[in-house]
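Whole structure, please, built from the sequences with the hints as guidance.
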Amino acid sequence: DGGITQSPKYLFRKEGQNVTLSCEQNLNHDAMYWYRQDPGQGLRLIYYSQIVNDFQKGDIAEGYSVSREKKESFPLTVTSAQKNPTAFYLCASSQTGAGSDYQPQHFGDGTRLSIL
Amino acid sequence: GQQVMQIPQYQHVQEGEDFTTYCNSSTTLSNIQWYKQRPGGHPVFLIQLVKSGEVKKQKRLTFQFGEAKKNSSLHITATQTTDVGTYFCAGHSGYALNFGKGTSLLVTP
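So the protein lines, in turn, are chains U and D.
The first sequence runs 1 to 116 under my numbering.
The second sequence runs 117 to 225 under my numbering.
Bear in mind the hints are in silico, worked out from the structure with no lab data behind them.
C-beta atoms are modelled at their ideal positions from N, C-alpha and C, and glycine is treated no differently.
Treat the hints with care, as some may be off.
Unchecked claim - A short, non-exhaustive set of chain D residues, derived as facing chain U with CB atoms under 10 Å:
id : residue
1  : Gln149
2  : Pro159
3  : Val160
As the list claims (entries may be wrong) - Using C-beta positions, here's what the derived DEER-type ranges look like:
id : chain 1 : residue 1 : chain 2 : residue 2 : range
4  : U       : Lys57     : D       : Arg176    : 35 to 43 Å
5  : D       : Gly210    : U       : Val52     : 15 to 23 Å
6  : U       : Pro8      : D       : Ser168    : 41 to 49 Å
7  : D       : Gln196    : U       : Glu15     : 43 to 51 Å
8  : D       : His128    : U       : Glu69     : 42 to 50 Å
9  : D       : Met121    : U       : Gln17     : 35 to 43 Å
Following this line, the structure appears as C-alpha cells:
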C-alpha cells in the first residue's frame, strides 16, 4: 500500500542532543511538510518542500532543520537550539497543484518526542 | 499572515444530537479543507471546498463555504460515537496550509 512512514514512533532526547525524525513516502508526491502539534493546539508548520533540493521555512522553523535530497524522503532534525521540543511531530505529503487545484495532504502516524 | 480561527474548541454531545463547528479567516480563502483526527491518530482529509457558497455532503456531514470565502462550517447530523475526534479546517496561504486549532468532539452514548 502507498503511504507515509514516520519513525520512530516514540523518541526521547537528552539535553543538548540533536535528534532526527524520519519521514518516507511512496506516494510519488512532490510536496512534503513537517508539522508540530501540542496538546489542544492545531498543527503548526515547521518546514515544507515543494521539490527535491528545495525547502521553505514555516511559522516555527527556529531550532529545526531539514533536507530534501530525495523525492521520497524529508527528514527533520530537532537541534539543541529548540528549547521546548516535547511535542507530536507529523509529516505530510501532497501532489502540487496550480491555482485553486490544491491537493489534500496525507499524513504519517507521527513521532512523539520527549525530553529526558 | 492568514489566521484561521475555529470555534468552539470543545463540544460534548449526547449520541443522536447534532454538532456544528465554525471556521473563520481574517482574509479571503482560495479554498478550505477539512480534516478529522481521531484520538491518538493522525489527521485524515475529509473534503475540500473551492467555490463561493459551495455546499457538499458526505452522509451525515454537511460542509459549507461562505459567500465571501472567509468562513466555513461543518455540521454533523445525529452524531454517533464514531464521530469522536478533532475536526480541523485549513486554508492555503501560497503553498502552505494554515490549520485552525480544531474542535474536539466528544459523543456520549
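Mind checking the hinted window 42 to 50 Å against the Cβ distance between histidine 128(D) and glutamate 69(U)? Given about 47 Å between the Cβ atoms, the range holds.
Regarding methionine 121(D) and glutamine 17(U), is the given constraint of 35 to 43 Å on their beta-carbon distance met? holds, 36 Å
Under 10 Å, Cβ to Cβ, is where proline 159(D) needs to be relative to chain U, so tell me if that hint holds or is violated. The hint holds - proline 159(D) has a Cβ within 10 Å of chain U, the shortest such distance being about 5 Å.
Is it true that the C-beta distance of glycine 210(D) to valine 52(U) lies inside 15 to 23 Å, as the hint says? holds, 19 Å
A range of 35 to 43 Å was offered for this pair. Does it hold for the Cβ distance of lysine 57(U) and arginine 176(D)? Once the Cβ atoms are compared, 40 Å apart, the range 35 to 43 Å for arginine 176(D) and lysine 57(U) holds.
Range hint compliance [Cβ, proline 8(U) to serine 168(D), 41 to 49 Å]: holds, 44 Å
Given a hint of 43 to 51 Å, does the C-beta separation of glutamine 196(D) and glutamate 15(U) actually sit inside it? Since the Cβ atoms of glutamine 196(D) and glutamate 15(U) sit about 46 Å apart, the hinted range of 43 to 51 Å holds.
Holds or violated: glutamine 149(D) as interface residue toward chain U, Cβ cutoff 10 Å? holds, 6 Å
Valine 160(D) as an interface hint toward chain U, with CB separation required under 10 Å: holds, 7 Å
The structure is consistent with each of the numbered hints, conforming to all of them.
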